Every structure is written in structure tokens, then in C-alpha cells.
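First to last, the protein sequences are chains W and R.
The first sequence lines up with residues 664 to 911 when you count with the numbering used here.
The second sequence lines up with residues 11 to 278 when you count with the numbering used here.
Because the hints were derived from the structure by calculation, they are not lab data.
Remember, it's a predicted structure, so these values are computed and weren't measured experimentally.
We treat Cβ as the ideally placed atom computed from N, Cα and C, and that holds for glycine.
Every clue listed holds true.
Examples of chain R residues lying across from chain W (beta carbon under 10 Å, computed):
#1 Lys61
#2 Gln85
#3 Gly86
#4 Leu101
#5 Glu112
#6 Leu113
#7 Ala115
#8 Tyr118
#9 Pro122
#10 His165
The calculated EDC-like cross-link candidates involving lysine to aspartate or glutamate, where the alpha carbons are at most 16 Å apart (straight line), are:
#11 Lys237(R) x Asp213(R)
#12 Lys676(W) x Asp144(R)
#13 Lys676(W) x Glu103(R)
#14 Lys676(W) x Glu109(R)
#15 Lys147(R) x Glu109(R)
#16 Lys147(R) x Asp742(W)
#17 Lys168(R) x Glu193(R)
Distance ranges between label pairs, derived from CB positions:
#18 Arg148(R) x Gln829(W): 26 to 34 Å
#19 Pro181(R) x Ile821(W): 36 to 44 Å
#20 Arg35(R) x Arg680(W): 45 to 53 Å
#21 Asp98(R) x Gly900(W): 30 to 38 Å
#22 Gly28(R) x Gln826(W): 20 to 28 Å
#23 Gly900(W) x Glu197(R): 42 to 50 Å
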Amino acid sequence: MSAIYILWLRQLKRYFRTRIRILSSLGQPVLFLVSLGFGFGPLYQRAGAGNYLQYLVPGVIAMGVLFPAVFSGIEIIWDRQFGFLKETLVAPVSRFQIVLGRTLGGATTALIQGTLVLLICSVAGFRVGNFLLLPIAFGFMFLIALLGNSIGTAIGSILDDVQGFQLIMNFLVTPLFFFSNALFPVDGLPAPLKLLVRLNPLSYGIDGLRGGLSQVFLFGPAIDVVILGAVTALLLGVGSYLFSRIQL
Amino acid sequence: MFIGRPMIEVQNLTKRYGDFIAVDRISFSVAKGEIFGFLGPNGAGKTTTIKMLTTMLKPTEGSIRVDGFDPVRDQGAVRRTFGIVFQDPSLDEALTAFENMELHAVLYGVDPRERSRRIGKLLRFVELWDRRADFVKRFSGGMKRRLEIARALLHEPKIMFLDEPTLGLDPQTRNHIWSYIQELSRERDVTVFFTTHYMEEADRVADEIAVIDHGKIVAQGSPASLKQRVQTVSLEDAFIALTGHAIRDEEASAADHMRQVRKIWGRR
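Extracted from the complex, chain R is given alone in its bound form (with noise of 0.2 Å):
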């Protein structure tokens, strides 16, 4: 079914903290211009998962190959490739749109004589180059996930990681980051992974999904085998069926903390 090499291909990959094993012996593989969806409960292991595909973690066992570059052994080269949206935002809030976006694109060694123009059809692409003289710190939260969707394209990358990228934000905002989504596998022949806990988007825009819980992946396909193998209607049925109803708690992290602190000492 793959025409010529996966973008990413990942073969009983592990990832262990003392005795807890956050990702355990996963492998999947994803084509080029696919858009994948990884779901799965609260700390199931899909951010830990990310972050070894995107060089930030060091697997445990197991191998990754991203566009045919180990991210261990060839960190460069895999980190040119991908163009990543994090679960939490990672603006600069004290410069404006357009600082951020030219900032990205000196790291990313994009020409400068192309970069203006990149980022102008970027930011006319997200709906904010009215927006670009203004400082971060002003802009919704569902602006500021449009910047670093433009942001993350900035430099052309093959594929695209979101990590929630709809989390926190309005229905409309949520339709629209996926219409961008879409746009992207379908004319820029982008590779998309994504995660998300909202399974009627994942039943929507993905082609291909994993489920994924105690860091193991307990089933994939399209969302329509999915449905048909657990004999539900909805997507969110069948993810309940894999995964149970127990409600999974993640512990606060050092970033709600954090939060908290600013809010008291109103900082920025």
C-alpha cells in the first residue's frame, strides 16, 4: 500500500523511567501526505511518543526512522524535516507575530531574500497578517495556535507534528485549524501526525489511526475499520470499547505551576 519509503516508520519502540514504561514496544508506519491520527486517554504516552520522533527524548529500545534519518544518530537532519506544534504554546508572548515567524526562519536558515515573502503568505494563510505587528501577549489562544501552525510551515518541512492542536480552543477556531490541516496533506502533499483527544475530528480528517494506552497500541486502521471492528457507531464509542472508562489522571506538571506563580506575582 506505501508507494516507495514510509515518512515515519517505527519498529517496538520503548521508552522506560525506572520501572514505569511510558511507550512500550509500539510500531506503526506512515506514508507520505498521510494524515495520522494518535489517540489515546490522558497519559497513555502519545506526547512521550512525539517527543522521541522529534529528537527531544532519547528512546529507550527500539528504532525510529523519520523521512529515513534516525533522530538519535542524525538530529539535524531529522529536526530540518519535521515542523512540530506543541501541546502547550512556545511564542515568545514579548515579541510580535512577525518577530516570532522571522525568528523561526534565521534558526531554520530560511534565504533571506525569501523570507518576507514566506511569511507574509503564511501569516495571510492563518488569517493573520493584519495581526503581525502585534505583541503575542495580546492574541486568543486560538491565535496563537494559528502562529505556530504558520510558524511551523515556515521552513517547508515534509511533515508536520501537532500535539493537540485543537485543545482549549472554540468549535469554530477548531474547524478552521483543521480546514488548514486538510489543506496541507491534500495540496502540499504534507505529512501530518497528529493527537488529539476529540475523536469525532480525529473520524473526520485522519485516514489512518492508532490507539494507544498504557503505551501500548491497541488498535489501528482507518476510522471506519475501527468503528466496524468494535461494531459502534461513532468513533468515540469505539475508542471507549478499546480503552475502558476508567478517567485517567495526569499530575499537574512544573508548567501549572508555574502559571500559578505568575498569576501571583503578574509577571509579563
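Just chain W, with the same shape it has in the complex (with noise of 0.2 Å):
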């Protein structure tokens, strides 16, 4: 337990200590914010689909939370080339505990990086419908944290080569996150985007978090937690799995 919470506390650490950091992964939702949000607004509502931000929003959160997400998974790769990966490694801890702590921590981690994009949507005039629902949210937006770090976890663990990560991000973080409710409604989809954004398990995400913060669901909540929180724990078994057969 008390490795979980050391290895746990660790990310966090890093977290804090590394401002640019925090800024710079703020950067991009609100640029997709400001430029989708203001850009797309009045044509959304000429359209009579109503207020586009209200739509926008949830998809821009669940962005800061997937990009931080994966990429706190990834840091295995730093951490290998750095040499603190053996540190943990030889001590008389489980892997599994390692990858419990580093995963839970890095989720907290990208949970605070979506709570942050939240407030900067208020600001921007995102109304959140009803706060009593708000846990709602965030219960969805942990569970995308997960999803990501695992999905970082499971890459960072094969990959010993920083070169390859760039590709990673370009071909499956971003079509995971373009190819997904965040920016455009589902209903009169070409067929086959439709049944793209169906078989992404972020969908679910981002529709459990568009319910929390505007009551708007298209799958239902039930539907929501089960499909992510199943293709999670997969992710998080792959991932445990992987890192446990690193060698050094």
C-alpha cells in the first residue's frame, strides 16, 4: 500500500514542479476553446443544433485529460533511459504495485489538468447545467485518465526508444480523439464515421461527460460506464502485463 501511495505522491510531485508543463498541455483545448468554439458557434446555431460551446466543451475537457493522460503513461521511456526505472524495479515491490501507483498518480494528475480546462471554459461562458451532477463528471473524467495512462503505460513499456512516441501521438492519440463525439454530434454521420465514433471507447467517455455537465446523453449514463470502465480495465491489465515483462 504504502508504494502504491510513495510512487502515487512521486507523480504528483513531478507534476507541480513542472509548470511549463502544465501550461503548455492548457494550450492546446483552449486553443480548439477559442478557435472551434467562437470559430463554429454561429453556424451551429444557424443551423438550429443551439448553443455550439455547450456541445464543445466536454469534448475540449476531455482532451486536457487524454493528451496529459497518455503522456504521464509514457514517461516510462524517461524513465528508463534515466536509470530510475531500475531503482524501482529491484526493490522488493510488485510490479503491479509500481504501475498501481505511476498510473493512479498520473490519472490524479490529468484529472487536475481537466479540472483547470473546466474552469477555463466557465470563464469562456460554459454553463455547467446542475452542479449536483458535477461528481457525475468528474467520475467520467477519471476514468479517461485511466484510459490514457493506461494506453501510455502499455506503449511505454515496449517502446525503449523515445523516437518512436511522436508517431504514437500522431497516429493513435489523435484519430482516438478526432475520430470521437468531442467535436461534432453523431446524428447524420456518413455510416462509416458513424460507426467509428460507436466502436471508440472515448465516445463513451466524452458522452458520460457531456451528461454530467449538460444532461445531454446519446448512449445513456449505464451504457457509458460499463463500455469505458470494461475497455479500461483491459487497458489496465494489458498495460500491468507489459510492464511486468520489462527487462532491463
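Using the hints, build the complex out of the two chains.
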């Protein structure tokens, strides 16, 4: 237990000490919020679909959670190359505890990032529908954070070199975000795109998040929890397994 | 010559990577409290051997006992018996010296009431107490190495593994580090297993030396007996007489590439 706690604490300390990274990972969601939110807002309104900002913000928050979460999982590569991973791997602690501590720590910092994005969005004009339902939104944020972190852990355990990192971001994480219901409504999409969105586990996280923030569910909270929860648990398992096979 | 069971006992230890034999049927044993030097040119199999002794790598063949435990079957028990200073730094540079120590203490289950006292004692031992609240990224190579030695001692290990502990350090720091290590063996009865290329250091501190080359142990004995065997004055000459004049090239490791990337990106 205490091993999990100290590794969780380590992730938090590292997060709060690199303020430049906090700022730089806020940059991207804010860019989406301002350019898409205000840029497409009038068009969306004219199409009779309502307030685009209200629709977009949960997607932007998911982005603010997902990317830092994947990144903090992938940090294993850096820890491996700069040696610290060895210190944890020869300690008399099971690999599962190490993964769990790291993952919970990374997910916690991603949750803080998501909260910051939510605050920024509120300043920009986003309105939370019902404050009593906020815990639901935070629950889904945490699940998205765990999902991203597990993806990062799995990838970081396989790659032993930072060169592959950009490739993964461009061809796995970015498409995961764009082919979801983050930026556009699912109704009336071309069938292949609609299928992609429905197959994407992140869509269920965003749907839950949107439901928690403005009470509009597409799939419904139960389906969201079950699908996102199952996929996250599966990826956590895969990530821990791959991590346990790391040889130095 | 051993009183009781040896702390480390290795028999016919072999590690193969495909066709390449990194370690080839080596056998040796290290007595309790002994300082054992493991010498050899680059790529001779020193680090591979340490990795197998410390549960990081599974041997292809042969048997190992560390304080009576098998590193393959009894990982946890073996891990509690040793402290290790790796060839490359293994500190978290974003944490302070004290935090690095604390993290280690928790991972090794050091009693929380004991923790601060022990950390204080060890940081004073390696003369870093005044710098305890500084981030490790501000430390010089020598300071990092001293901190790693202190950290490895935190859980009071019976065996200390040191892989090239003085590589790249200035003579003053090297001197210091060897005096800590000798103190460990003399006063705390810690068994020390180290590797180095610096022959004069091995000559001065080791009780027993094994010379490894191309994965095989080519000579073993006290520094004096090795020099006598090949009729040389210095251990350096004995080393060359035993392992030949050819220069060994090691391939750049992934870590070297990463350092390059870090320089370019200027991260951390």
C-alpha cells in the first residue's frame, strides 16, 4: 500500500514542479475552445442545433485529460532511459504495485488538468447544467484519465526509445480524439464515420462527461460506464502485463 | 577459508543471447564481509553478471545463491539482501536528495519511525546533509554517486553491488567513495561486490579479484597473487597480460541516444 502511495505522490510532485508542462498542455484545449468554439458557434446556431460551446466543452475537457494522461503513462520511456525505473524494478515490491502507483498518480494529475480546463471554459462562457451532477462528470474524467494512462503505460513498456513517441501520438491518440463525439454531434454522420465514433471507447467517456455537465446523453450513463469501464480495465490489464515483462 | 556459508555463490553461470555468449560458465564465491573486485575490459560480461545476481536478468544456465536465496525463484528475498549502485545514475532528478531517500525507504519497507534518523545518518555519512533539500538535477556526477551509495545502504543490506562506482569521477571523489566502501566492509561487515576498469583502485581495496574476459573468468585470486602469477609489478600490467592489448568497442546504448535527444529538446 505504502509503495503505491509513494509512487502516486512522486507523480504529483513531478507534475507540480514542471509548471511549464501544465501550461503547455492547457494550450491545446484552449486553442480548440477558442477557435472551434467561437469560430463554428454562429454556424451551429444558424443550423438550429443550439449553443455549440455547450456541446464542444466536454470534448475539450476530454482532450485536456486524455493527452496529459497518455503522456504521463509514456513517461516510463524516460524513466527507463534516465535510470530511475531500475531503482523501482529491483525494489522488493511487485510490478503490479508499481504500475498501480504510477497509473493512479498520472490519472490524478490528468484529472487536475481537466479541472483547470473546465474552469477556463467556464470563464469563456460555458455553463454547468446542474452542480449536483458534477461528480458524474468528474467520475468520467477520471475514467478517461485511467484509459489514457493505461494506453501510455502499454506503449511506454514496449518502446525503449523516444523516437516512436511522436508516431504514437500522431497515429493513435490524435485519431482517437478526432474520431469521437468530441467535436461534432453523431446524428446524421456518414455511416463509416458513425461506426468509428461508436467503436471508439473515448466516445463513451465524452458522452458521460457531457451528460454530467449538461444532462444530454446520447448512449446513456449506464452504457457509458459499462463500456468505458470495461475497456479501461482491459487496457489496465494489458499495460500492467507489458510493464511486468520489461527487462532492463 | 570460508567461515560458514558464502554470501554469493555462483556455479557454471551462463547467459546466451542467440548465438552470442555474454557470460560463459563462470563460477566463484564471495565470503561474508569480503570486498570482491570483478575486473574486465568493456563488454566482457561484468554488467550482465551483476544483472543476473540482482534478479534483473534470468540466467540461461547455472546456479546462483545470494545469501542462500535463488534470484530466479526467490526474487523478493534476494532483493531485500542487497543494495545496488548502477553504472548509470538511477535517481529521480525532479526530486530532492531527501525525497529520493524517502522514496527508497518506503519501497523497501523501512520502519517509518526509523526512516528520518537513518536518512540523516547516511546523508551525513556521504557528506550531503547540507544539500538534502536541493533537487538532484543540480548535483554534480560525484554528488549523485554519493547519494546513490547512501540510498543503497538505507535498508541495511548485507551485500552491496557497485557497477563501476567511480567511472568519470575526479580523483578526490574517487578516493572518498573508496573510503566509504572500505568503511562499510570493515565496520558494518557488508559484503561488497564491485566492477571497475581502474586497476590501481582494485589493487588497493579488493580482498579478492576475478578477471573476466569474453564472458569467461581468466584469473582469480588476491591482487598480490595475480601480480605474482603473471610476473608483473602493477595490476594494470597483470590485467593487460591476462586480457591482451586489443581495444574493445561497445555499441552506444539506447541511453546514449536518449541523452542526445534530451540535449536537443532541452527537456527537464
